[in-house]
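**Student:** Assembling the complex is the task here: the two chains are given apart, and the hints tell you how they should meet.
Line order of the protein sequences matches chains G and Z.
Following my numbering, the numbering of the first sequence begins with 1 at its first residue and continues without gaps.
Following my numbering, the numbering of the second sequence begins with 1 at its first residue and continues without gaps.
It is worth saying that the hints were derived from the structure and are not from the lab.
For each residue, glycine too, the CB sits at the ideal point set by N, CA and C.
Restraint-style ranges between C-beta atoms, simulated for each label pair: (1) Z:LYS57 with G:PRO79: 38 to 44 Å; (2) Z:SER80 with G:SER5: 30 to 36 Å; (3) Z:GLU53 with G:ILE113: 46 to 52 Å; (4) Z:MET27 with G:SER18: 32 to 38 Å; (5) G:ALA16 with Z:PRO39: 25 to 31 Å; (6) G:PRO114 with Z:GLY16: 44 to 50 Å; (7) G:PRO40 with Z:THR22: 20 to 26 Å; (8) Z:MET27 with G:PRO55: 29 to 35 Å; (9) Z:THR20 with G:PRO40: 25 to 31 Å; (10) Z:ASN26 with G:PRO114: 34 to 40 Å; (11) Z:THR20 with G:ASN8: 34 to 40 Å; (12) G:TRP83 with Z:ASP56: 38 to 44 Å; (13) G:ARG77 with Z:ASN73: 37 to 43 Å.
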Amino acid sequence: AQSVSQHNHHVILSEAASLELGCNYSYGGTVNLFWYVQYPGQHLQLLLKYFSGDPLVKGIKGFEAEFIKSKFSFNLRKPSVQWSDTAEYFCAVPSGAGSYQLTFGKGTKLSVIP
Amino acid sequence: EAQVTQNPRYLITVTGKKLTVTCSQNMNHEYMSWYRQDPGLGLRQIYYSMNVEVTDKGDVPEGYKVSRKEKRNFPLILESPSPNQTSLYFCASSLGGRVTDTQYFGPGTRLTVL
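Chain Z on its own, in the form it takes in the complex (with noise of 0.2 Å):
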């Protein structure tokens, strides 16, 4: 089945304690992102990867990571999470990273940091 899966699905941790948001999708997808979902905000795009070790800043990059050493992967790193990081998160890829190709997301990952 071609989805986006996300690890953990729920998480909990305490300020400045590093962690890593796993990310994976299984349909050969060259473009990648992650976004943070907050009430009254909507989705805000964190990075966006066009392809293996390419990546850029979103709207909202600061505090957080990424990489993208192999195409089915890319995770999301906070190396020193705060409580403004408490929030929503989703991975989302696309075939080629074009305007006209639909995003698939993934099922999102509930972060609190305490």
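Extracted from the complex, chain G is given alone in its bound form (with noise of 0.2 Å):
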């Protein structure tokens, strides 16, 4: 079954610093990785996706992510954080080769202090 690993549990900003949050998950196939966020009090929200094209994917909120296959990664990055963006982000794959299920990481919390 597909894992996910998130590298980093709890990460705090300054406003306008740059943001990098870690994703890296096991299988080898087909990849279609996403990111959630989630947040203070509220329910999950596609930040972005990736299924294929463009490594370099940009979402919701001034957010992207690049897919590097060598290296079973997408890392989320935002160049200027803000306070807004104080959230729980979380990677999610595909349990398996054609699942529907999601598999998702254990969550990065991010404070971003103003």
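**Tutor:** Here it is, written out as structure tokens:
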């Protein structure tokens, strides 16, 4: 079964700092990758997704992620974070080849200090 | 407004007292699923349903039941809740259950079992 690793449990940044959150997955076949965000007290929302094509994917709110096949990675980036980006971020992949289920990482909590 | 709704949003109960958490979507989605979210563990899938009368186990189905009698509803049933089922529960739906379909999440139900 597919597994997902998120390296950082909690990241604390000042406003305007650059952000990179790591995500590594285990499956080596056709890959579909997702980043979800959960703002405090809210439900999960899709931030961006990769299925094929350009490995640099742009999502909502200025976020982007780069798929690097050789490193099994799909890191999330933002050049300049804002206080409103304070949230928990989850990387997700299908549970296996052709699977409809998603396996989520354990999440990275981002705290942005004004 | 297209949405996934859950009720109740908060529930405190005692061990062994049967409870049902309702989930409803108004997007005519075929695929629905239930997740539980626990600190440090991310989201783990409990059950999912590809369509009416079709349900299947996710990663952590023990102690839970589901039913899908109508397309829009997917209730989660705890026949005999135990304290280890204290968690934050999310219902999600997607159009066809394909891995490329975006999953839409409900607002969550915070359950405490004493």
